[in-house]
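Trainee: This is what each chain is made of:
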Amino acid sequence: MKKLLLSSIIVLIGFTFIGRLSYLQLFRFSPDQILDDPAIKKVYDYPERGYIYDRDGKLLVGNQPAYDVMVIPREVKPLDTLEFCGLLGIDKLEFLSKMEKARIYSPRLPSVLVPQLSKEDYARLQEKMRHFTGFYIQKRSLRYYNTKSAANVLGYISEVNEWDLKNNPYYVAGELKGRTGIEKQYEEILRGRKGVKHIQKDRFNRDIGPYKDGKLDTLPKQGKEIHITLDKTLQEYGEKLMHGKRGGIVAIEPKSGEILAMISGPTYDPALLVGRERSKNYSKLHYDTISKPTWDRSILAQPSPGSPFKTLNALVGLQEGVIDTQTKFRCYHGFYVGNTLRGCHCGGGIRDLNSGIYQSCNAYFAGVFRKIFDKYETTDKGMDMWEKHMKSFGLGDFLGTDLPTGAPGRIPDVAYYDKWYGDGRWAASTIISNSIGQGEIAATPLQLANMTAAIANRGYFYTPHIIKSIGDNGKIDPKYTEPRYTTIDRKHFEPVIEGMANVYNYGTARWVKIPGIDIAGKTGTVENYIRIDGERMQLTDHSVFVAFAPIENPQIALAVYIENGYYGSRYAGHIASLLIEKYIKGEITRKDLEKRMLEKTLEHEYAKPYSGEPFEINEYEW
Amino acid sequence: MSGRGPFGRLDWITVILYAFLVFIGWINIYSTSVGEVSTSIFDFSTLYGKQLFFIGLAALGIIFVLFVESQFFERFASIFYIVSIILLLGLFVFGKTIAGATSWYDLGFFNLQPSELAKVATSLALAKFLSDIQTDIRTRKHQIYALVIILLPALLILPQPDPGSSLIYFSLFFVLFREGFPIYYLGILIFAIVLFATTLMFGTVWVTIGLIILTLLIYTFKRASVKIPILPVVGVIVVSILFSLSVNFVFENVFEQRHRDRFSLWLSLEKDEEKLDEIRKTIGYNTYQSEKAIESGGFTGKGFMEGTRTKGDFVPEQHTDYIFSSVGEEWGFLGTSAVILLFSLFFLRLIYIAERQKSDFSRMYGYGVISILVFHYFINIGMVIGLLPTIGVPLPFFSYGGSGLIFFTMLLFIFLKLDSNRLKDGI
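As given, the protein sequences belong to chains A and B, one line each in that order.
Throughout the first sequence, residue numbering follows my numbering, covering 1 to 622 in sequence.
Throughout the second sequence, residue numbering follows my numbering, covering 1 to 427 in sequence.
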């Protein structure tokens, strides 16, 4: 026993040690430990973010250098504080508090003292910098905007937050990331890939050379430039026209589905969200909850489409064979639902397809709508069919664009009304408002523009998209080059388009003709209400207009939606005609109309509900 | 007299194992201390250069030991012991303070650490006392003499302060156990340590419940023929409970916070992540860093001179007490288990040699050598891999340091010299 005591203890110790070591080195070991090894510092080499060009190769977004003044508190020598503060453009108190903050963060590591100096400040400071030991200037890259337009489309970039860091291992604190618009959608393409250098450190955080002689290091991969489908000129012109007005405009090239312009009013200069004033400006924009400049009305607003929707009801009627071009309805300055007369502004009389469209006769389309439903033995079946046709135009659901945000709009269905009225307790006459684009339908300006493009193409459309080409080979997602067919046969489109052409010739938009361009369009005047302090109030109608031109071989299809602009041709129609002229002719011949549209604002309309006084709506003043 | 010279009957297996350990140790010291600019390994301004010089001195020491008549060590054991006691006392007056401990004499070119010398002297003196024909370890009086021989240097070293070295002297109890000192003392000691740790981990109530369950189990499963009297058992339980109660009191009132933190870390008492983090950054920093370094080595290690934490100097005292963490990081599990295996074989070989001695003195001295070396090895590696609280003792033959290497070598080779003469002793 006593001879074996020490031997057994030695063997026991040996086994214990081996056990503990296998726990540490085999069980707890993980090969990606290098990621949090304190002895290895990663130094990143950031590639330049890709440029963004418009459809004609005009620069929209580039990069500009910015200069951060950095400080390493431990290395700071006594200095002329007053002079230094003068150069930096800050006061002494601010300087001292920033120095203290930097010292608390780390005396040994660099902190940003003053971020993003302008080029001028940098030039002044650069000469004197050598007098201030412990301070240095670090260059970084910021976005540069070659336009004051398209802020919501282009989007902005900002520093990654904790959520990003947790959900995407690529990012490291302090890096920038696309937040909205194209910057977000094409983040990985624009960003490229940062290069990494591994540096061996000691425990005092001093560099002692490359780790493994740089075997694990990677080179940065340049971000790619992209071309987008916007037409810079058209976009900028449209935003000028939207001055003082709220609403959205979307213009699409029908033969490709490319978005030519996407305008939301009011908007802002994208350069506001860059540089030192960024957070101040952002708060200002973000907390403006009345005019909401950061809320992109062209893809997020979902008003009732109003009369432009009548064209689709006509198409469904033709496709279902319940009407032909000669089918007539009488307008009694309105139409009866039961014993109630619902009004119409068309002037009354006998209406057929053509005059029904160009005079925008409510009675005619109520008749068409009833006939569509009468074809089926139950309302439910009629509704399903109607819903199917409408949805084939890209309404009532997300379109599948390459924009990071959007709204689905609404095409009501059986389930919707069963819930609203009760199963079997509704009929075509109950939901007759849908025939004239009011009622429960909702669509974004983008969806209206796309619907118009489908009519212009006589039966199909391409998924609207903003990307034109990426980098050198230019390939984009093939889903944007495949046509999507509607459920309406090609032959039914011609009579409807003829009606839309006559809107300009004799109809609701006869005052906005453009000499030399054949346009097909449709006005819309949309009743709308808001609730203020629990009280439902009617506001001045929204002005809506959809159009495409030229009628043969269409180059542009657009939807204009102006909040509280009164009837369709008053604002929307004029703006649409100016945009079409600008895009097709390149210049405006009707200078007086242009001047009026640029100068007129609707601010007085928007102020009405907040004035606290009773107010008139739909005032005619021109 | 055999005419085969001083190297003739040397146990070459031990010598080769020894040489391996010293060599591996030096390789790791080289890795921890080599700088950016590569210099010659004989550059004595570097740690690895100095260690090479110490290895040379140790070799001279070996030759010196081998040429000395083996009876010399037995005859002069008492003198050595007295000299080393005087040297330890002298530290209180002439000692040089390094890193807070007054443990060195400044000899100009060399700092002498007498506590290392005293380990050799005490082993010799204890062996000499025990092997004396008149000594009977079973008598209380001689037990006390033996205790005094062991504890006197320990007591002198403790206030330096160097609790680690002081603790090492307790290893000499294994010599006593080998020679008939009752083993149940060891049992009581282990039982007390287990009680201490379990009380801190689970509390007195659970320890009491555990003790009672254990007792009942023993009674249930014992053979019917074995009679265990009730009264002493109850007595043991009562004393244990009292001890357990006193543990909490001592821990909370006698220990200082830094001691408590060490135990908290060792027994994983602290569950609060934030406080644990705090401990890791302060008192447990060394252990945490060395554990992490070893862990990051994985199965095969990062390779010689590739240890990032070693190179970054993240593990404090890595070339001395924490040298084993460098083995862990750079050579991985393969390296660490090879070193453990090497040490185990080395110790078992020494036990085998000790047991074949005909002279009592040689055997007892051999046991002293083994006990001291094993104790260092156990405490050092146990600490580095996070099994034991932080106690600063070097790893024999591995750690950087002149006194350590030279006296460990002397300690070992005196024994090998005695062994090479074992046949003559029999005549």
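Hints are not guaranteed to be accurate.
Stretches of chain B that chain A covers, calculated by requiring three or more beta carbons in the stretch to come under 8 Å of a beta carbon on chain A [said to hold, decoys possible]: (1) 76–83; (2) 123–132; (3) 159–166.
Quick list of in silico lysine-lysine cross-link-like pairs, DSS-like style, CA-CA up to 30 Å [said to hold, decoys possible]: (4) B:K141 / B:K275; (5) B:K227 / A:K3; (6) B:K275 / A:K41; (7) A:K3 / B:K222; (8) A:K2 / B:K275; (9) A:K41 / A:K177; (10) A:K224 / A:K42.
Covered stretches of chain B, going by a simulated chain A footprint (3 or more residues, C-beta under 8 Å) [stated by the list, open to error]: (11) 343–356; (12) 404–410.
Don't read these hints as lab results, they were simulated from the structure.
Heads up, the beta-carbon is just placed ideally off N, CA and C, and yes, glycines get one too.
Trainee: Given the hint that K2 of chain A pairs with K275 of chain B, does the C-alpha gap stay at or below 30 Å?
Mentor: violated, 45 Å
Trainee: Tell me if chain A covers the segment 343–356 of chain B under the three-residue, 8 Å CB rule, please?
Mentor: This one holds; 6 residues, not fewer than the three required, reach chain A with a Cβ under 8 Å.
Trainee: Are the Cα atoms of K227 of chain B and K3 of chain A separated by 30 Å or less?
Mentor: holds, 28 Å
Trainee: According to a criterion of three or more residues whose C-beta lies within less than 8 Å of a C-beta of chain A, is the segment 76–83 of chain B covered?
Mentor: violated (count 0)
Trainee: Test coverage of the segment 123–132 of chain B by chain A using CB-CB distances below 8 Å; three residues minimum.
Mentor: With 0 residues closer than 8 Å to chain A, the segment 123–132 of chain B misses the three-residue bar; violated.
Trainee: Check whether the Cα positions of K224 of chain A and K42 of chain A lie no farther apart than 30 Å.
Mentor: holds, 24 Å
Trainee: K3 of chain A and K222 of chain B: Cα distance at most 30 Å?
Mentor: Roughly 27 Å separates the two Cα atoms, so the pair holds.
Trainee: Hinted pair, alpha-carbon criterion (30 Å max): K41 of chain A, K177 of chain A. Please report holds or violated.
Mentor: With Cα atoms ~22 Å apart, K41 of chain A and K177 of chain A stay inside 30 Å; holds.
Trainee: Do at least three Cβ atoms from the segment 159–166 of chain B come closer than 8 Å to Cβ atoms of chain A?
Mentor: violated (count 0)
Trainee: Check whether the Cα positions of K141 of chain B and K275 of chain B lie no farther apart than 30 Å.
Mentor: Judged against 30 Å, a Cα distance of about 50 Å means the pair is violated.
Trainee: Can you tell me if the segment 404–410 of chain B counts as covered by chain A, using C-beta to C-beta distances under 8 Å and a minimum of three residues?
Mentor: n = 0 at 8 Å, threshold three: violated.
Trainee: Is the straight-line distance between the alpha-carbon of K275 of chain B and that of K41 of chain A 30 Å or less?
Mentor: holds, 26 Å
In this structure, the hints that do not hold are numbers 1, 2, 3, 4, 8, 12, in rising order.
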